[in-house]
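Number of protein chains: 2
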Amino acid sequence: MSKTKKQVEEITAMEDDFAKWYTDIVRKAQLMDYSSVKGCMIIEPYGYAIWENMVSILDKKFKELGHENVSMPMFIPESLLQKEKDHIEGFAPEVAWVTHGGNEKLQERLCVRPTSETLFCEHYAKVVHSWRDLPKLYNQWCNVVRWEKTTRPFLRSSEFQWQEGHTIHETAEEAKNETMQMLDVYHNFFEKYLAIPAIKGQKTESEKFAGAESTYTIEALMHDGKALQSATSHYFGNHFAKAFNIEFQNRDNKPQNPYQTSWGCTTRMIGAVIMVHGDNRGLVLPPAIAPVQVMIIPIAMQKEGVLEKAKELEGRLRKICRVKTDISDKSPGWKFSEHEMRGVPLRIEIGPKDIEKNQCVVVRRDNLEKTFVDLNDIEVAIPELLEKLRKGIYKKALERRNQMTYEAHNFEEFENIAKSKPGFIKAMWCGDENCEKKSKEITAFTSRCIRDNEEKIDTKCAFCGKEAKHLVYWAKAY
Amino acid sequence: MSKTKKQVEEITAMEDDFAKWYTDIVRKAQLMDYSSVKGCMIIEPYGYAIWENMVSILDKKFKELGHENVSMPMFIPESLLQKEKDHIEGFAPEVAWVTHGGNEKLQERLCVRPTSETLFCEHYAKVVHSWRDLPKLYNQWCNVVRWEKTTRPFLRSSEFQWQEGHTIHETAEEAKNETMQMLDVYHNFFEKYLAIPAIKGQKTESEKFAGAESTYTIEALMHDGKALQSATSHYFGNHFAKAFNIEFQNRDNKPQNPYQTSWGCTTRMIGAVIMVHGDNRGLVLPPAIAPVQVMIIPIAMQKEGVLEKAKELEGRLRKICRVKTDISDKSPGWKFSEHEMRGVPLRIEIGPKDIEKNQCVVVRRDNLEKTFVDLNDIEVAIPELLEKLRKGIYKKALERRNQMTYEAHNFEEFENIAKSKPGFIKAMWCGDENCEKKSKEITAFTSRCIRDNEEKIDTKCAFCGKEAKHLVYWAKAY
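Chain order of the listed sequences is A and B. Read in order, the letters of the first sequence correspond to residues 805 to 1282 in the working numbering. Read in order, the letters of the second sequence correspond to residues 805 to 1282 in the working numbering.
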């Protein structure tokens, strides 16, 4: 038991130091390691397996909706990046520049892609000629670079893995539908697969993507009350098409600029999972993305028949879930802590006494609840328990978010809540950027998203008292 | 039929201009497009789907053998790249350098990874402490950059997609076994999945990887008689470990340097498929990697019941293969040519007369052989025909390679063959680099690989007449 204790004690309690708790988990659960380039991380096998599961679910969904994967170059010539004014202004301060190839100075600097709108546009200008060529529904899984000053594993890194969808359409309506459809795909992925309640909404002008006509976002509330922008979907209108001379013959045989979207999500989602579901024992992984869903831990492994029974169980379970048996020479207690820290959803304990009774003990990671399961029923019981865990962690996260969501009707209320209670504040907003600045400067709360579908809570702006236009969610953000 | 002809005529005949034939295929089958950065290509959906199929087969095999995927940074600090002398000498002339992040000059230049040995070594030095930590069997799928002067789509590009496996072991023997095991994985992938006969062997000193103790390769013969180095597997011994201070406590509790391997294959394999199986109608894709294995083409589509029957067939076939129905408004003849050009292994023609007879016509892409298949037997017939096609294209490639493999016993013979007959030359070699230089300078043939398992054909070196050490395959190479 001393070993067990020691390992658990190694994780800083989240109440003591949330940032340190987070770092402890990413390092001790072996999700990532730092590299010698600031802000560039090594994603270790366990972390990468989580990412692979995320990719696999999303990629399947994208393809079902008709999207096709492509691979664009990682370099963008400076002149190409500059073609869309807002876009270059937004990204220029944070790109990495390649100036030399081998021993020769390049004639034109190349930036390492921070995002690939310009590359897709250049390609679309070449291949889109007629309305028959539309839509193009392209996506790519790749790495991008944004030269960040302050970095944190998964949440903000100079290089990160992501997917970027780029689509091009005949009509504005079709492009707008695509934008909203992909926002829904992300929202559904968060709710159903990551078991994270997420709020959908529109970004304000000051928070939207550089070059977009409108940006939509899903925002999730972390355990410490900060919001995490978790995926975004952008509608571009046709001004990228104009800047890049993308033109097609429409159904009336007239030249026309098409309409575009882009949408993306990143390894940041791993950070969201940690900060929504994790606890002081470590990670808690939603079953859909857990590299190992069930860990079998044989008790009194040296006794006759135990290992055989454990392996037999593993063989049966392999058909319905991702399962492993821990046959290392560590003590069972040590193994319990280790796999709890790594967030394995269920563990099965099986020893000589269990085998006598033809049963095993299944322990849920989220609430440590024990269930005795008849070995004959294991194929039914395990999927049920995984589903219960998923619902359980979703409910817990939703309740916490509801408890941490407040309403403010004027700036005094807003300031008081912002000072004392981490979480979301719902407050009406007039639409003026100055009110956003006021909030940011005084409370460090920024507008997370406009929620026009939700019932308005007041008629006046909480910041200036003028007529309110939108209900907005505000929070401190990662 | 005029349309059909036109489309086929668009591809240059390989006998007229092999390089142009190749370029025609990659462009017209929509595998790739050029970007505005020299040597960096856009892999279009059809090309990328081929790559995804390759990745999926190999990734599964790697994992079955215990390998785990990770993600390393794309940047390597100059000082890190310099740690292993041979390695930096080999790669420095062809790396891209990042010198600025945003508006600031970096304190140290970063190279965009040309390969990641140095990054893996730095990580291993941190995480490998005891023999219990070994082996580490890591792999990553990523993009790398090598600043090439002359580039060709898929075959040699400044940026390319690949996988790089990096493993670290307790003993030299274990590492050597891993090196050979992974060479076999590649060889098997080429023979069974790509239907490409490939020759396994060891590289000579002058052709081996920068920093490796020994390099193994698989070499395939293209349609034009040139060889393509198609995948490599390297044994590093422990000198990378020494250069990077990787040390572990061995089973006798003594500090020891571990042994390493690396192995990789790239999007170049798409080039191999084109140049081994392609013909003057376009691509011929092996079924295992074909994005669409069966294309159904309804004949007299407007007639009652035809489209329904085609769709019904598609529904049944979807359970056993990757199938699509072409319902575009092009003529059947046009569709035949188009899908032939894109290398779809089988096409099914189904029209009113076929439906009357409860049959369809299946046409093989490789030899255009027609088979009438009873609709009741379709689930049996299609997999059989796909397998026949795979065997057929393998056999054709093998026969061609055998016909194009010659023996030379002295330099006169060697020169005569090299001048007049493209292909492999088998010739004995003394082991002296000067004989390789002689061959390269006079005939442009380079040593492709040492074949010590094959029967020696002479006792003397074909170049200098001294005592021969090895049987070597020689060829002009891509």
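Derived from the structure by calculation, the hints contain no laboratory data. Being a predicted model, the structure only gives us computed values, none of them experimental. Mixed in with the good hints there might be a few duds.
Because identical chains share one entry, a pair is satisfied inside a single copy or across any pair of copies.
[Unchecked claim] List of simulated lysine-lysine pairs, DSSO-like, C-alpha gap at most 27 Å:
(1) K1280 - K865
(2) K889 - K842
(3) K1113 - K1199
(4) K1244 - K1273
(5) K887 - K842
(6) K940 - K1115
(7) K953 - K1200
Legend entry - Status of K1273 relative to K1244 across identical chains (alpha carbons, at most 27 Å): within (19 Å within a copy, 76 Å between copies)
Legend entry - Homo-oligomer pair classification [K842, K887; C-alpha up to 27 Å]: between (30 Å within a copy, 19 Å between copies)
Inset, instruction - Have a look at K1280 and K865 and pick one of within, between, both or neither, based on CA distance no larger than 27 Å. - result: Answer is neither; intra-copy 31 Å and inter-copy 45 Å both fail.
Inset, instruction - Classify it for me, K940 with K1115: is the Cα-Cα distance of at most 27 Å met within a copy, between copies, both or neither? - result: Between. Shortest inter-copy distance 24 Å satisfies the 27 Å Cα cut-off; intra-copy 49 Å does not.
Inset, instruction - Can you give me the call for K889 and K842, within, between, both or neither, at a CA distance of at most 27 Å? - result: between (29 Å within a copy, 25 Å between copies)
Legend entry - Identical-chain pair category, K953 with K1200, by Cα at 27 Å: neither (34 Å within a copy, 58 Å between copies)
Inset, instruction - Could you figure out if K1113 and K1199 sit no more than 27 Å apart (CA to CA) within one copy, between two copies, both or neither? - result: neither (35 Å within a copy, 48 Å between copies)
Violated hints for the displayed structure, listed by number in ascending order: 1, 3 and 7.
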